[in-house]
Amino acid sequence: MTGFGVELRDVSVRFGATVALGGVTAAFLPGAISGLLGRNGSGKTTLLSTIAAFRRPSGGSVRVDGEAPWENPRVLAGIALVREAGDVPDVRVGEVLRYGAAMRSTWSGEVAERLLARFDLPRRKRVEHLSRGQRGALAAVVGIASRAPLTLLDEVTLGMDAPARYACYDELLADYLAHPRTVVLASHLIEEVDRLLEHVIVLDRGRVLVADEADALRARGVRVSGEAERVDAFVGDARVLRRETLGRSAVVTLYGDLGSDARARAREKEIEMHPLPLQDLFVDLTDRPGSADRPGGAR
Amino acid sequence: MSAASLGTVRALPSSTWRTARWLVGNTLGILAVVAPLMLVLGVGVAPATMAYFGVQAPASLWSFAVEQAPGVFTLVIAAMTISQLATHLAFGMTRRSYAAAVVLSVVAIALLLALLVPLGYVLEAAHFRAYGWAHEAPDSLALALLTSVLRTAVWGLAGALTAAIWYRFGGFAGVVALPLTAIYPIVSAGMWIERADALGAPEAAMLVGLIALLGVAYAAVVAGIAVRARTA
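Going down the list, the protein sequences come from chains A and B.
Residue numbering for the first sequence follows this note's numbering, starting at 1 and increasing by one per position.
Residue numbering for the second sequence follows this note's numbering, starting at 1 and increasing by one per position.
Keep in mind that a hint or two might mislead.
Computed from the model, here is a short list of chain A residues facing chain B with C-beta under 10 Å [to be verified]:
1) S49
2) F54
3) S61
4) N72
5) G78
6) R83
7) G86
8) D90
9) V91
10) G100
11) S105
12) V142
Hint data in this document are derived by calculation from the structure and do not stem from the laboratory.
Where a beta carbon is used, it is the ideal one built from N, C-alpha and C, also for glycine.
Extracted from the complex, chain A is given alone in its bound form:
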């Protein structure tokens, strides 16, 4: 195993009366790429900021590589928190790379230069004059070239265009495979990062909704469709995330272990059964009745 592991025990963060994190207990495995998923305001940024010691938790404990990160020089030297706006000095792009080389013992100048060229970032332009996408690309350059044992990427690709985003994922994966470390990706673009993830934590309203291996999570999400009565009989006691009906047909999204004979039973009842993409599963897991952006469908 390489990279720093993270252990969170009952971590809470409050801003006055607002509870940003309400007792998060979870772990980011060392040497894995983990996804931190959640809707806006679910507490992803607060959690990453707390792990990187940008702020203290109001309660609970954070352990990075076995130690509390707050003002811990050894641990902090191994953490890179990269946020979309980019916590880089407001100088020329080329100078940001020099800053990285001066401040990070694990910095790869070769990777930084290559990524700068790949993202077509203007070396002489000041950071404040970069577009949102370019700032995100620069943040990605810093995050990958830092080669920190714990790399936390908070929505860095959000403002980037599609080719740049895919280039970012490819470069991250290639460098991770060559130099394994712990990477936590917080992203709304689940469909795009899905292939990278080995482990997933879903936050909802400051609490852990799901924490599991990505493959296990994908296996638990199933969509079944067929004649409504048969579908309902098939579903039984399984957890229903969504139910939509069209005439006599029903489409039901399920979450959980349906048993090893589920496919055979489905065939028997003439029910179609499809694995659920991680993004759809995430949408259904975090959908709130009555919320403005709730997708259509009866529950």
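Guided by the hints, dock chain B onto chain A, whose structure is given.
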């Protein structure tokens, strides 16, 4: 963690030293523009303008510029304090090393700025002589330089402390802390430091003590700062 797996791991100097070097380097970029401008305006343009309009200049215009410059420096330091902390933490360093680096940088920059003081007096004296004006410079330029270092350091650290209080505790606390930025005028008035070369050993020791106190207070405030969220 396996260091080898992460590629080359280089040995670096302490993060305080690296950051101080970066901060001083960046400020030098600003000073490279401001310092010549100060000299040209204070020693060149201002006396020339007065001579053009037939106005007798006071004994020294430069002494006025020297006393006012630290106020501007305070603003630069205050802005730097706020903007650089998140970057420092994001690159894996501690608040402690940041605070130490800022204190070190303020003193280093105060020293560099102070080097302008004797140069300004010498140039001003020559310019005044050309107009046939009497010029008054401190008897001891070395003492003037020392006074300038201490004065600028006090101003700079007071600005940094005020900004840190504002950032950590919010706008109201920042407003309440604003009088801190006037600490040098208050203290110097109390010590009757009226001339740049009138600083005695007790006053110098007191200012050094004040610098240490401001540095410790700054480090204590920075130690608890929670970095705010940033958006693009």
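Review point. Can we keep the A:S49 interface hint, with Cβ of chain B closer than 10 Å?
Key: Because about 7 Å separates A:S49 from the closest Cβ in chain B, which is inside the 10 Å limit, the hint holds.
Check your understanding: Per the CB criterion, is A:G100 less than 10 Å away from chain B?
Key -> Holds, because the Cβ-Cβ distance from A:G100 to chain B comes to roughly 7 Å (cut-off 10 Å).
Point to revise | Restraint satisfaction for A:R83 [CB to CB of chain B, less than 10 Å] | key: Check passed: Cβ of A:R83 comes within 6 Å of chain B, closer than 10 Å.
Exercise for review: Identify whether the interface hint at A:D90 stands, where standing means a beta carbon of chain B within less than 10 Å of its own.
Suggested key: Nearest chain B Cβ about 7 Å off; hint holds.
Review point. At a threshold of 10 Å, is the proposed contact between A:V91 and chain B supported by beta-carbon distances?
Key: holds (7 Å)
**Study point:** chain B contact restraint on A:S105 - CB to CB distance below 10 Å
**Key:** For A:S105, the interface hint holds, since the closest Cβ of chain B sits about 5 Å away, which is under 10 Å.
**Study point:** Minimum beta-carbon distance criterion (10 Å), A:N72 to chain B
**Key:** holds (8 Å)
Check your understanding: Against chain B, with CB atoms and a cut of 10 Å, does the hint on A:F54 hold up?
Key -> holds (4 Å)
Point to revise | Cut-off 10 Å, beta-carbon criterion: hint that A:S61 touches chain B | key: violated (17 Å)
Review point. Does A:G86 pass the interface check with chain B, least Cβ-Cβ distance below 10 Å?
Key: holds (8 Å)
Point to revise | Restraint check, 10 Å cut-off on beta carbons, for A:V142 near chain B | key: holds (8 Å)
Check your understanding: Hint check: is the beta carbon of A:G78 less than 10 Å from a beta carbon of chain B?
Key -> Nearest chain B Cβ about 7 Å off; hint holds.
Hint check: a violation occurs at hint 3 only; the rest are consistent with the structure.
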